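Visitor: These are the residues of each chain, in order.
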Amino acid sequence: MTAPTPSHQLDQLEPVLAGVARAASPDGHRIVFPERDAYHDVVAAHRSAGFEMLADLTAVDYLGHPGRTLPAGVAPERFELVVALLSVSQRRRVRVRVQVPEVDAVVPSLWDLYRGAEAMEREAFDMFGIWFTGHPDLTRILMPEDWEGHPLRKDFGVGRVPVQFKEAPGPR
Amino acid sequence: MGLEDLQHNFLTGRVEDLVKWARRNSVWPVTFGLACCAIEMMAVGAADFDISRFGMEVFRASPRQADLMIVAGRVSQKMAPVLRQVYDQMMEPKWVISMGVCASTGGMFNNYAIVQGVDQIVPVDVYAPGCPPSPEMLLHAILTLHEKIRTGEITRRRAPAAPGAEELAGWVPQRPDAVRLGTPR
Amino acid sequence: MTPEAGPGLSSETFEGSQELADRGATAPVELGREAGSVLRLPEGTGVDPSDIDVEYPDDETMIINMGPQHPSTHGVLRLMMELDGETVLRTKPIIGYLHTGMEKTGEELTYQQGATNVTRMDYLSPLNNELVFSLATEKLLGIELPPRAVWIRMLLSELQRVSSHLMWLATNGMDVGSTTMMIFGFRERELVLAFFEKTTGLRMNHNFIRPGGTAADLPDGWEDDVEAILDNVTARLASYDELLTGQPIFRERMEGVGSLSADEALALSATGPILRSTGVAWDLRRMMPYLAYDDVVFDVIVGTYGDNFDRYAIRLNEIRESVRILRQVLEKMPAGDYRVQDKKVTPPPRARIDESMEALIHHFKIFTEGFKVPEGEVYVAVESPRGELGCYIVSDGSSKPHRLHIRAPSFVNLQSLPVMMHGGLVADAVATISSVDPVMGEVDR
Chain A
158 MTAPTPSHQL DQLEPVLAGV ARAASPDGHR IVFPERDAYH DVVAAHRSAG
208 FEMLADLTAV DYLGHPGRTL PAGVAPERFE LVVALLSVSQ RRRVRVRVQV
258 PEVDAVVPSL WDLYRGAEAM EREAFDMFGI WFTGHPDLTR ILMPEDWEGH
308 PLRKDFGVGR VPVQFKEAPG PR
Chain B
3 MGLEDLQHNF LTGRVEDLVK WARRNSVWPV TFGLACCAIE MMAVGAADFD
53 ISRFGMEVFR ASPRQADLMI VAGRVSQKMA PVLRQVYDQM MEPKWVISMG
103 VCASTGGMFN NYAIVQGVDQ IVPVDVYAPG CPPSPEMLLH AILTLHEKIR
153 TGEITRRRAP AAPGAEELAG WVPQRPDAVR LGTPR
Chain C
3 MTPEAGPGLS SETFEGSQEL ADRGATAPVE LGREAGSVLR LPEGTGVDPS
53 DIDVEYPDDE TMIINMGPQH PSTHGVLRLM MELDGETVLR TKPIIGYLHT
103 GMEKTGEELT YQQGATNVTR MDYLSPLNNE LVFSLATEKL LGIELPPRAV
153 WIRMLLSELQ RVSSHLMWLA TNGMDVGSTT MMIFGFRERE LVLAFFEKTT
203 GLRMNHNFIR PGGTAADLPD GWEDDVEAIL DNVTARLASY DELLTGQPIF
253 RERMEGVGSL SADEALALSA TGPILRSTGV AWDLRRMMPY LAYDDVVFDV
303 IVGTYGDNFD RYAIRLNEIR ESVRILRQVL EKMPAGDYRV QDKKVTPPPR
353 ARIDESMEAL IHHFKIFTEG FKVPEGEVYV AVESPRGELG CYIVSDGSSK
403 PHRLHIRAPS FVNLQSLPVM MHGGLVADAV ATISSVDPVM GEVDR
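Residue numbers (our numbering), protein chains in the order written: chain A, 158 to 329; chain B, 3 to 187; chain C, 3 to 447.
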């Protein structure tokens, strides 16, 4: 395995990433913040530039979060789709964060680029209710078929059953 | 001094005792390992802890051939109907050991996804706490179950209106069902 | 289901069946995918229905269901397979039977308690889960660990790898038919678990690796214990080779079965022994080192054909490599603290609580309220015995994570199962599932 060349791979991506906000994270990875419309193209460009593997795809619900740091020009929405890409040849990771609004929570699917996105997108759909257009089989994956609601949303309660102890002061 | 004081052996004992002896020395579990407790259950079946000395190493895949269901692990909402179906397919007499705290009460997962205790779905005979219970604890639970089989009634159901039921009214078994092994009398 | 049916769908209850539909009811794109066209199609190409196995009308194929309760020891995995006689055409794994809401639970527990939750995901290598969670938390906290803590973690992580691969050898042997291998594997594993019980207090689900270091130091005499384990395992690995590797029946059952190519593996995001069996030498311990893996010498085992036998050989030899790493750890273990001495993060030693009021307050705050972690988000990955185990934490500045996500390797690796099984025999299904090594606790979380 050759050592990662810092400039070549990321240079290839400059044209696509013009106008896309970026940041660095404590783990040393670059983070890009494309708009929802440009998201699929940005990931496709990364794939062509040598990010062969989709490491992780998940979502976050920022309802109730006191305030996250976003670079200038990125309008925060309730949901954020987080895609971690991995370049095996260049030993580099990049994170793509897309803001997804609450009311129209639809994003394009990455299934045509990375087949491994299938189960991860189904999980994001099941847990958050984000639709992925172009996904071959967008059904619930972890919850039963007829479950109502999306458990990892912040307005879905934990579902804790009150437990009675003799001397306990009250539920936690 | 009467016949009751005689120590019975296999020639002069009751049929009921013989049946109970056979039942408790060959309890065959059905494979129902769900999560981490399943690994400890497999360890019990392996060489170091060896339930083969109790006649139990044959984990039957088919519930029709099994007597015991050791619910080893957390039961999720999606798995609950499957659990009930497997339990219903087992033949009487059947017993259930709820292994681990997740199966007994929901454990550390008091949330939307886990059934808070498998006794909400099936009747449980022995609860084995632990997270996971070490193999010795599971063996203790199994031996408790054997004791329960030894001292319990051979048929669970007694119809109240059956003939001869009057003379059985008020009859209590000679020992209580919950038995603690090793407790000095 | 089309997106025109709309988001804002929390009122809608049935988003679609999770089961495998009949051939006639399946869209061509899905048939194309299951037929093995995993790789990205060239631009402008659609999937031509006449290319797909149209000669199988509905009544010639049979859809059977395997699980979720079945005798293979891989937990509650349900597989629906479409068979033409004995040949497997399509497979659909249906998961969720062990979904525990651990990511939701993680939002309710403090970072100090988080390890208890995370450790139960991959229950065959719980210390790795705790490790990745602790590494992610420490990245957010921005603290640096003392060397001894790092090396203790490495010791435990490699021992965990040995025990997990031994368990895999045991269950894989049993799935293929060799009950002797099951007994052998568990016997060896008991040695490692006895050491864990001595060190961490528990055989499984240890809750020992915590943010800031580890919960306690290694016990006295640990070098002798570890050395005894290593000598024992090394000797016994030779008997596994004798039992399985050269044995013709085992080789017939494993060679050529469940093959996967490197491109397919990368497209499906497979990592760990599955990816390495296809020839891609990707091991996070070597490529993106964490802990002190760049201070030890070890080889990355790579296969050639991507079949079940390669994965067996990789895992067997990874035990040998882990033994090699462990011998180096035995020599190089530094002295020092087993956890970082930051009073805000690390609870004080128990004896000091009696002496110092400040220690008592710190202990109280850490265990009731928890330590606060600065706002931010981080993704950290380690190499678990199954592949890339990642942890993504979003912190909101409080003592509980705002979002905890674990990228479970088995969840992603299961996607490669339909491709591996396509065109094989149903009798090989069990062997192939076993060689993917899924742990349903982390698949479903």
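These are computed hints drawn from the structure, not numbers from a lab. Computed from a prediction, not measured in an experiment: that's the story for all the values here. Any given hint could be a false lead.
As the list claims (entries may be wrong) - Pair ranges (Cβ atoms, derived):
no.: 1; chain 1: C; residue 1: K345; chain 2: B; residue 2: H142; range: 54 to 60 Å
no.: 2; chain 1: C; residue 1: R189; chain 2: A; residue 2: A180; range: 38 to 44 Å
no.: 3; chain 1: A; residue 1: L220; chain 2: C; residue 2: T182; range: 23 to 29 Å
no.: 4; chain 1: C; residue 1: N319; chain 2: B; residue 2: D50; range: 51 to 57 Å
To be verified - Under the rule of at most 27 Å between Cα atoms (straight-line distance), these lysine-lysine pairs were calculated in the DSS-like manner:
no.: 5; chain 1: C; residue 1: K345; chain 2: C; residue 2: K374
no.: 6; chain 1: A; residue 1: K311; chain 2: C; residue 2: K374
no.: 7; chain 1: A; residue 1: K311; chain 2: C; residue 2: K402
no.: 8; chain 1: C; residue 1: K334; chain 2: C; residue 2: K367
no.: 9; chain 1: B; residue 1: K22; chain 2: B; residue 2: K150
no.: 10; chain 1: C; residue 1: K402; chain 2: C; residue 2: K334
Beta carbons: idealized from backbone N, C-alpha and C, even for Gly.
Visitor: Hint check: K345/C vs K374/C, CA-CA at most 27 Å. Holds or violated?
Guide: Given pair K345/C, K374/C holds - Cα atoms ~12 Å apart, limit 27 Å.
Visitor: Next pair to validate is K334/C with K367/C; report whether the Cα-Cα distance is within 27 Å.
Guide: Violated, at about 36 Å.
Visitor: Starting from K311/A, check that the Cα of K402/C is at most 27 Å away, please.
Guide: Holds, at about 14 Å.
Visitor: Does the structure keep K22/B and K150/B at a Cα separation of 27 Å or less?
Guide: Holds. K22/B to K150/B sits at ~10 Å (cutoff 27 Å).
Visitor: For the pair supplied as a hint, K311/A and K374/C, is the alpha-carbon distance within the 27 Å limit?
Guide: holds, 20 Å
Visitor: Can you let me know if the beta-carbon spacing of K345/C and H142/B is within 54 to 60 Å?
Guide: With Cβ atoms ~42 Å apart, the hint is violated.
Visitor: CB of L220/A to CB of T182/C, is that within 23 to 29 Å?
Guide: Since the Cβ atoms of L220/A and T182/C sit about 55 Å apart, the hinted range of 23 to 29 Å is violated.
Visitor: Regarding the pair K402/C and K334/C, is the alpha-carbon distance no greater than 27 Å?
Guide: Roughly 36 Å separates the two Cα atoms, so the pair is violated.
Visitor: Taking 38 to 44 Å as the hint, is the beta-carbon distance of R189/C and A180/A inside that range?
Guide: violated, 52 Å
Visitor: Does the Cβ-Cβ separation between N319/C and D50/B fall within 51 to 57 Å?
Guide: violated, 26 Å
Hint compliance for this structure: hints 1, 2, 3, 4, 8 and 10 are not met, and every other hint is.
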